[in-house]
Amino acid sequence: MIRYEEATKRYGGGPPAVDRLTLEVPAGQTCVLVGPSGGGKTTALKMVNRLVEPTSGRVLIDGRDVASTDPVTLRRGIGYVIQQVGLFPHLDVAANVATVPRLLGWDRRRIDARVDELLDLVGLEPATYRHRKPDELSGGQRQRVGVARALAADPPILLMDEPFGAVDPVTRARLQDEFLRLQRTLRRTVVLVTHDIDEALRLGDRLAVLATGGRLEQYGTPADVLARPATPFVADFVGAGRTLRRLDLLSARDALSPCAPGADAGGPVLPPTASLSDAMAALLTSDAPAVRVVEAGLPLGVVSLESIRAALRRDAAAATDEPSGDRVS
Amino acid sequence: MRSRLKLLMTPFLLAAGAVAVGISAHRGADVAELGVLATGTLALRVREHLALCAVSTVLAVAVAVPAGVAATRPALRRLGPPLLFVANVGQSVPTIAVLALAFSVTGIGFRTAVIGLWAYSLLPVLRNTVAGLAGVDPAIVEAARGMGMSPAQVLRRVEFPLAWPVLVAGIRTAAVVNVGTAALATFVGAGGLGTLITVGLDNQRDRILYTGAALTALLALAVDWAIAALAELTTANRRS
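Chains as they are written, first to last, in this note's numbering: chain W, 19 to 347; chain Z, 2 to 241.
There could be a bad hint or two in this list.
Computed spacing ranges between beta-carbons, pair by pair [what the hints assert, rightly or not]:
{"no.": "1", "chain 1": "Z", "residue 1": "5", "chain 2": "W", "residue 2": "126", "range": "29 to 35 Å"}
{"no.": "2", "chain 1": "Z", "residue 1": "71", "chain 2": "W", "residue 2": "87", "range": "24 to 30 Å"}
{"no.": "3", "chain 1": "Z", "residue 1": "83", "chain 2": "W", "residue 2": "31", "range": "24 to 30 Å"}
{"no.": "4", "chain 1": "Z", "residue 1": "234", "chain 2": "W", "residue 2": "216", "range": "45 to 51 Å"}
{"no.": "5", "chain 1": "W", "residue 1": "30", "chain 2": "Z", "residue 2": "67", "range": "30 to 36 Å"}
{"no.": "6", "chain 1": "W", "residue 1": "141", "chain 2": "Z", "residue 2": "166", "range": "32 to 38 Å"}
{"no.": "7", "chain 1": "Z", "residue 1": "153", "chain 2": "W", "residue 2": "30", "range": "43 to 49 Å"}
{"no.": "8", "chain 1": "W", "residue 1": "198", "chain 2": "Z", "residue 2": "166", "range": "37 to 43 Å"}
Residues of chain W placed beyond 12 Å of chain Z at every Cβ, according to the derived structure [to be verified]:
{"no.": "9", "residue": "88"}
{"no.": "10", "residue": "187"}
{"no.": "11", "residue": "190"}
Hints listed in this document are in silico derivations from the structure and should not be mistaken for laboratory results. Just so it is clear, the structure is predicted and the values come from calculations on it, not from any experiment. All C-beta atoms in this analysis are idealised placements derived from N, C-alpha and C, irrespective of residue type, glycine included.
If we strip away everything but chain W, and leave its shape as in the complex, we get:
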């Protein structure tokens, strides 16, 4: 668990870069710091591993003030993925991934085994990639090595600063999928920085929206931020498409209404796990008044424009302090 308490950073006598930030990241969850540039996202992230020391306030990991831990020891226990990856250009992939285990003095056999395991985990064939240099890799491959390097010593906490910023949109989407897959099994406490609201909504269990000047505008689940933006700034930052984005976060199961008896057997069919935006698309591209939801051959009900509307209303009214369990990615 990571906890910021009134953490503030000022450079010189200027305005704060991070302004009295207070928030808590529960263990095993992904917290995304999101906002426009100048919002102090990276500064707030670096407070966790003491690359930035707060001017006032403090940051706690599992109840312990990071300022009371030796920075070198602290950092070896925290995975760090930085903007533009920051791989060491003079070392090959294996040596890059082995950085922290080497610092921790693991023996060579254990390091070699761990490097292979990690390269497998991030989808790089060890035999092919072990001895490549960073400049012989594509952008996406470099990002993967960056993630493998951060995970090397199995740290409970992962800090990621724009980890997918340097790649094309297609690769980025694939890396995001892989991140979600990894995170589902590894369950690390992750703090991730991005300026991309779509990425934030997709990856975060919780979103911290930071405005210029390092002010926390809202801290909540993606559904929260979309359905109930706390300030005009958040509403504006999330954008006009936020209603459509909310459809991505709800599934057909959330908007089921009973089948009309003897309903028309025609029209589109979707599984209950399909997102409401898929259902909406199906409705818009067919003449049918409703989409039939079928699971394993059994009809569960239908989704219509009215039932979608009702689902959105229910979602906005619900107290959603916990992240919804049935998010569709």
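Let chain W serve as the given structure and place chain Z on it in line with the hints.
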């Protein structure tokens, strides 16, 4: 690839050059000339010359590299400009003046010449150490710190390897310049190939003068080659 080939060819060309100088020094020489240009004497002069260059360059590296490291540490960054200023002064004062100054303190001999050469070669080493370390991508240094390397580990495992090509280029410049400058060491009685040049000039013996000049040039090329080969080897090792 082409530079590799050049690196492999150079020793043969240098050896051929040395043989040519040896032949032209002895063929048709009179007794007086043969006395100065005997193979044993030439070898002694070359050894003296090399000793002057090696000692002064090693001392310059021993002082300038730590100074350059210090000047690029965050806490001492303000040290950089004054240090470079001092080194610049050392470089811009003519060597013969540095030698004269050193002469007034330490008198005649090897030590005086080494001090002069040392002062003269500080700048290239210091400048390239600072430039090489300052040229390392700060994001990579921060990644290293963020992963839990101590400042010394960041320097040894990340900054030095990345700054190495620039650093070694500075050492190469200093060493090659030293070979030329060491020809002046004869004026403070430290011997070297400059002795041949002055003897040739004083006695109007062109053969002796040219032999001294040609050997100095060959030595400069040889030193240049040796350090280039060392740089190539050390960089190639890190790439495998």
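Checking against the hints above, which ones are violated? 7 and 9
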